[in-house]
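S.K.: Same order as they appear, the protein sequences are chains A and B. Using my numbering, read the first sequence as starting at 1 and increasing by one per residue. Using my numbering, read the second sequence as starting at 1 and increasing by one per residue.
Take the hints with a grain of salt, since some may be wrong.
Here are the simulated lysine-lysine pairs, DSS-like style, with alpha carbons at most 27 angstroms apart [claimed, not checked]:
no., chain 1, residue 1, chain 2, residue 2
1, B, 23, A, 24
2, B, 240, B, 272
3, B, 24, A, 23
4, A, 240, A, 199
5, B, 23, A, 23
6, A, 272, A, 199
7, A, 88, A, 70
8, B, 293, B, 240
9, A, 293, A, 200
10, A, 240, A, 282
11, B, 24, A, 24
12, B, 199, B, 282
Hints in this document: simulated from the structure, not taken from any laboratory.
If you want the building blocks of each chain, they are given just below.
There are 2 protein chains.
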Amino acid sequence: MNETSDFCYLRSAENPFGAILPKKQAHISPDDRGFYFADGVYEVMRTYSGQLFRPRDHLNRFKNSLAAVKIELTDINAIPEICTQLLKRNQLQGEEVFFYIQATRGVWQRNLPFPPPDVIPTLYISVTPIVQPETERTQGIACITMPDIRWQRCDIKSIGLLPSVLARQAATEAGAAEAIFVRNGVLTEGTHTNLFGVKKGVILTHPLNNHILPGVTRTVVLELCQLLNLPVSETPIQQKDLNEMDEIFVTSTTWEVVPVISINAIPVANGKPGAITRVLQKAFQDYVARTIK
Amino acid sequence: MNETSDFCYLRSAENPFGAILPKKQAHISPDDRGFYFADGVYEVMRTYSGQLFRPRDHLNRFKNSLAAVKIELTDINAIPEICTQLLKRNQLQGEEVFFYIQATRGVWQRNLPFPPPDVIPTLYISVTPIVQPETERTQGIACITMPDIRWQRCDIKSIGLLPSVLARQAATEAGAAEAIFVRNGVLTEGTHTNLFGVKKGVILTHPLNNHILPGVTRTVVLELCQLLNLPVSETPIQQKDLNEMDEIFVTSTTWEVVPVISINAIPVANGKPGAITRVLQKAFQDYVARTIK
Chain A
1 MNETSDFCYL RSAENPFGAI LPKKQAHISP DDRGFYFADG VYEVMRTYSG QLFRPRDHLN
61 RFKNSLAAVK IELTDINAIP EICTQLLKRN QLQGEEVFFY IQATRGVWQR NLPFPPPDVI
121 PTLYISVTPI VQPETERTQG IACITMPDIR WQRCDIKSIG LLPSVLARQA ATEAGAAEAI
181 FVRNGVLTEG THTNLFGVKK GVILTHPLNN HILPGVTRTV VLELCQLLNL PVSETPIQQK
241 DLNEMDEIFV TSTTWEVVPV ISINAIPVAN GKPGAITRVL QKAFQDYVAR TIK
Chain B
1 MNETSDFCYL RSAENPFGAI LPKKQAHISP DDRGFYFADG VYEVMRTYSG QLFRPRDHLN
61 RFKNSLAAVK IELTDINAIP EICTQLLKRN QLQGEEVFFY IQATRGVWQR NLPFPPPDVI
121 PTLYISVTPI VQPETERTQG IACITMPDIR WQRCDIKSIG LLPSVLARQA ATEAGAAEAI
181 FVRNGVLTEG THTNLFGVKK GVILTHPLNN HILPGVTRTV VLELCQLLNL PVSETPIQQK
241 DLNEMDEIFV TSTTWEVVPV ISINAIPVAN GKPGAITRVL QKAFQDYVAR TIK
């Protein structure tokens with residue numbers, strides 16, 4: 001498993017100016033609204049060779065999440081610099097890492113309405129070296145489906161992830177690497193991935209709406225499909241049509257493009273990573289190589 | 001607003017045996033699953049004259065919440081004794097207070113599946129003197145309705161309360177004291193209350209299912225209706241029938257029975273607390289007087 005590095009960044013009621021400090025000294029108050037209400041949002045941003053990947057997309061998505069829940073984080077543009085400092089402090093320059101960035105509505109007496117406007121949002125950032133998911137990428141993964149019991153705003157990257165915890169644990173217990181949510185008969189997305197299918201040469205994925213997260217890797221894959229002239233339809237995959245799919249794959253910031261070879265222990269097509277999935281894996285890595293100097 | 005007392009109880013990875021300590025010294029790790037996943041549940045239990053009210057109901061509900069999310073809290077039966085110690089330490093014996101009790105799946109590297117079984121759940125308990133909601137009880141409150149965008153397991157008292165935060169803030173901005181959720185055309189419950197209506201002498205409330213919390217005060221009110229021979233129907237109130245309701249009220253542990261005099265700025269019946277609501281308020285207080293020695 002990925003292990004988070006020692007130094008993190010924390011800005012909170014106790015440290016109003018923010019500081020990089022050893023994680024053991026990073027104290028969250030039990031009165032933090034993130035702790036008792038999940039009143040916060042997060043973002044995960046990665047590097048290749050020490051450079052942030054699509055930072056504008058990630059920061060824009062973070063801004064959208066913050067705006068949707070009305071948390072005013074005035075120092076959001078300082079995040080890339082904090083990330084750079086965290087790399088230095090943890091001696092991880094040039095490494096492939098991901099940053100976990102979480103903002104909450106700050107520390108206040110537990111009461112549902114927002115606290116007074118002078119309460120400072122908490123901002124927490126950690127850095128974790130990426131263990132490359134080579135087995136997943138080359139051999140593909142098994143998935144299960146789970147009822148999508150989540151809220152109606154899955155487009156917000158909220159820290160309220162208990163339904164995803166329970167779904168992912170069910171996957172783990174079934175020997176699967178990911179759980180795919182099903183709502184109203186359609187596959188929406190995984191617990192930490194977006195979902196794609198290929199049927200008769202057309203790449204299918206759930207359209208952007210309130211039921212899925214607008215994944216940055218999802219966006220890059222759709223851009224690559226356009227570059228490669230691969231036909232795309234932003235149409236959700238029906239659970240009843242799963243046996244007609246030629247390929248399935250999932251995407252995420254740390255996984256990139258990972259083939260799905262079985263769902264609920266039933267093989268996808270011939271149970272091997274698909275040809276178009278392979279093309280997109282390669283195209284994604286070429287894109288990274290072109291983008292990162 | 002209610003202000004939490006200085007001494008709280010915390011049992012966490014850092015304090016594995018648990019201790020009563022000043023809240024400023026109570027440190028939650030940023031790696032607590034409650035902070036980054038809302039991977040936890042809570043309970044609110046109150047006293048009258050220093051005695052716990054219906055503690056078995058509250059502890060059973062807490063056990064049900066813990067079981068539903070598969071958090072194993074082996075020391076749940078120690079909670080009443082911890083509460084007693086907290087009263088002493090805060091010099092609140094004999095006062096009317098509420099205890100806020102939160103358990104999370106403990107401290108571990110951020111990863112969706114459950115941590116290893118030897119990771120200790122975090123247990124946090126605070127105590128807060130109750131500011132009596134006299135104005136609410138005597139004059140009644142204004143409410144608004146909000147779409148119920150919450151997850152499908154509102155019967156679990158999960159700490160993932162962001163949708164309730166947003167709904168309650170909308171109520172505050174509208175000058176209302178509570179937001180009532182509407183799902184599929186029916187009123188389910190408030191952000192921290194259960195909802196009741198009275199129509200032609202029959203008391204209506206949403207049946208217990210996955211869309212509402214099984215409120216302890218709801219149970220007591222239903223028991224009192226039986227004692228008083230008041231007819232009850234566990235049938236949800238349709239939003240379209242709101243203008244036909246003779247009375248509306250909400251219940252909660254700290255509020256008891258509070259009349260609703262308007263919804264979305266439209267008066268409920270004549271806009272005054274209803275007669276049956278008054279009967280139940282009185283019956284509730286008599287019940288408390290009988291129960292607490």
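S.K.: Run every hint past the structure and note whether it holds.
M.R.: Quick rundown of the hints versus the structure:
| no. | hint | in the structure |
| --- | --- | --- |
| 1 | 23/B with 24/A | holds (18 angstroms) |
| 2 | 240/B with 272/B | holds (21 angstroms) |
| 3 | 24/B with 23/A | holds (18 angstroms) |
| 4 | 240/A with 199/A | holds (14 angstroms) |
| 5 | 23/B with 23/A | holds (20 angstroms) |
| 6 | 272/A with 199/A | holds (15 angstroms) |
| 7 | 88/A with 70/A | violated (32 angstroms) |
| 8 | 293/B with 240/B | violated (45 angstroms) |
| 9 | 293/A with 200/A | violated (37 angstroms) |
| 10 | 240/A with 282/A | violated (30 angstroms) |
| 11 | 24/B with 24/A | holds (16 angstroms) |
| 12 | 199/B with 282/B | holds (20 angstroms) |
Going down the numbered hints, you'll see the structure goes against 7, 8, 9, 10, while the others check out.
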